[in-house]
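Chemist: Here's the letter readout for the chains.
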Amino acid sequence: MSPTNGRGLRTLSIATIAAIPIALALVFFYAPIEAEEGFLQKIFYLHVPLAIVTLCGFVLGGLMAIMHLRTRDRRWDLRSYVAIHMSLIFGVGTLITGSIWARGSWGHWWVWSEPTLVSFLIIMLLYATYQPLRFAIEDPERQARYASVFAIVAGAFVPMNFLAVRLSSSYLHPRVLGSSSNLPPKMAFTFLVSLAAMALLFATLCSYELTAKRTRMLLKARSRILGFQ
Amino acid sequence: MTPLATAIPGSSNNGYVAAAYIVFFAIVLIYVAIMAVRLRSVERDLRELNERAEQARQDGTRQGETHAQPRERETV
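Taken in order, these protein sequences are the chains called A and B.
Every position in the first sequence, counted from 1, becomes a number in this note's numbering once 310 is added.
Every position in the second sequence, counted from 1, becomes a number in this note's numbering once 26 is added.
It should be emphasised that the hints constitute simulated quantities derived from the structure, not laboratory data.
Note that the Cβ used here is the ideal one computed from N, Cα and C, for glycine as well.
It is possible that part of the hints are untrue.
Claimed, not checked - Derived CB-CB ranges, DEER-like: (1) Ala466/A to Phe51/B: 15 to 23 Å; (2) Ile60/B to Ala328/A: 19 to 27 Å; (3) Arg83/B to Leu502/A: 53 to 61 Å; (4) Ala335/A to Glu74/B: 41 to 49 Å; (5) Met470/A to Arg78/B: 48 to 56 Å; (6) Glu346/A to Ala52/B: 22 to 30 Å; (7) Glu74/B to Thr321/A: 49 to 57 Å; (8) Gly41/B to Arg320/A: 36 to 44 Å; (9) Ala335/A to Ala82/B: 50 to 58 Å.
Said to hold, decoys possible - Within a straight-line C-alpha distance of at most 25 Å, the following computed DMTMM-like cross-link-like pairs (lysine to aspartate or glutamate) qualify: (10) Lys530/A to Asp71/B; (11) Lys530/A to Asp85/B; (12) Lys523/A to Glu77/B; (13) Lys523/A to Glu451/A; (14) Lys523/A to Asp383/A; (15) Lys530/A to Glu69/B; (16) Lys530/A to Glu80/B; (17) Lys530/A to Glu77/B; (18) Lys530/A to Asp449/A.
Starting from the given sequences, assemble the full structure and let the hints guide the process.
Modeler: Structural data, given as structure tokens:
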């Protein structure tokens with residue numbers, strides 16, 4: 311691990327540790343209570359940033375995979391893998407918090423006729439095949455190449471899926487971004503801070519994962535050089 | 027514009043809000059715990075590697091000494 315990595319990680323960690331309590335304080339003590347959903351609407355500040363960061367993470371994984379195929383640099387493949395791995399974890403959080411919100415708001419844990427929910431589940435199921443596909447290939451070079459191709463194709467599917475859902479006519483799911491959102495300023499500010507905190511958490515955890523993976527790889531390489539493996 | 031409540035609504039949904047935030051922090055906590063376990067394993071591997079490297083270095087020094095003695099005799 312280089313000292314630069316350590317410094318970056320420390321700064322990111324401190325920023326995340328500061329941002330999360332600020333976001334929570336804004337959610338519970340600053341943002342006004344919505345008339346229709348009442349206190350339940352507070353889940354919005356957790357669930358929506360989680361969903362946005364998850365989808366951005368998947369797209370980011372695809373972009374890093376493009377960089378890997380262009381440069382043949384294995385570090386881009388590692389970054390792509392970590393971004394997708396972390397997005398999957400955040401995606402599970404999105405599905406669970408969304409289900410809890412749906413139960414409180416609509417009286418059902420899951421609504422199959424709702425395009426936003428189903429499309430998100432399809433994306434999650436698609437990415438759930440990424441790791442089995444990746445680790446089914448033993449040759450590291452081929453593994454990285456095939457995983458990159460998958461990440462690019464699936465990464466391109468994410469915005470297309472998002473647009474398709476947007477264009478569909480009927481939905482129950484509230485819109486957050488776009489012309490129909492109209493959030494009051496206090497709610498909008500709280501939402502943006504929550505989104506920034508979630509993005510920072512994602513970046514920090516990715517950074518930790520990358521550092522851990524690089525350290526393990528370095529350790530294995532040293533063991534091989536010293537003839538211990 | 028999203029309508030705002032003029033009075034604090036009933037607290038029937040508080041449990042759902044608490045559950046959502048608890049689930050989120052539990053996921054983060056589980057992830058951090060897994061990372062800690064993996065970090066411990068890396069530390070153990072590193073310690074083992076250091077010990078074996080040190081052992082190999084000491085063995086090399088001893089071998090060097092035994093090889094050096096006959097050479098001394100030869101020169102003498």
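Chemist: Next step is simple, just say for each hint if it's right about the structure.
Modeler: Outcome of the hint check:
Hint check: Ala466/A to Phe51/B, Cβ distance near 33 Å, so the stated range 15 to 23 Å is violated. The hinted range of 19 to 27 Å is satisfied by Ile60/B and Ala328/A, whose Cβ atoms lie roughly 24 Å apart. The supplied range of 53 to 61 Å is met by Arg83/B and Leu502/A, whose beta-carbon atoms lie about 56 Å from each other. Between Ala335/A and Glu74/B the beta carbons are some 45 Å apart, a value that agrees with the proposed interval 41 to 49 Å.
Checking the proposed 48 to 56 Å range against Met470/A and Arg78/B shows it holds: the Cβ atoms sit about 52 Å from each other. Between Glu346/A and Ala52/B the beta carbons are some 29 Å apart, a value that agrees with the proposed interval 22 to 30 Å. Take Glu74/B and Thr321/A: their Cβ atoms lie about 32 Å apart, and the range 49 to 57 Å is violated. Remark: the range hint 36 to 44 Å for Gly41/B to Arg320/A is upheld by a beta-carbon distance near 37 Å.
The hinted window of 50 to 58 Å between Ala335/A and Ala82/B holds, with their beta carbons roughly 55 Å apart. Using a Cα cut-off of 25 Å, the hinted pair Lys530/A and Asp71/B holds, with the two alpha carbons roughly 9 Å apart. Taken as a hint, the Lys530/A and Asp85/B pair is honoured in the structure, with Cα atoms around 22 Å apart against an allowance of 25 Å. A C-alpha spacing of about 22 Å is found between Lys523/A and Glu77/B, which places the hinted pair at or below 25 Å, so the restraint holds.
Straight-line distance between C-alpha atoms of Lys523/A and Glu451/A comes to about 17 Å, which keeps the hinted pair within the 25 Å bound. A hinted pair counts as satisfied when its Cα atoms are at most 25 Å apart, and Lys523/A with Asp383/A qualifies at roughly 16 Å. Among the hinted pairs, Lys530/A with Glu69/B is consistent with the structure: their alpha-carbon atoms are about 13 Å apart, no more than 25 Å. Between Lys530/A and Glu80/B, the direct Cα distance comes to roughly 17 Å. Compliance with the 25 Å bound is thereby established for this hinted pair.
Our distance criterion of 25 Å between C-alpha atoms is met by Lys530/A and Glu77/B, whose separation comes to about 15 Å. Taken as a hint, the Lys530/A and Asp449/A pair is honoured in the structure, with Cα atoms around 17 Å apart against an allowance of 25 Å.
Violation of the numbered hints given earlier is confined to hints 1 and 7; the remaining hints are satisfied by the structure.
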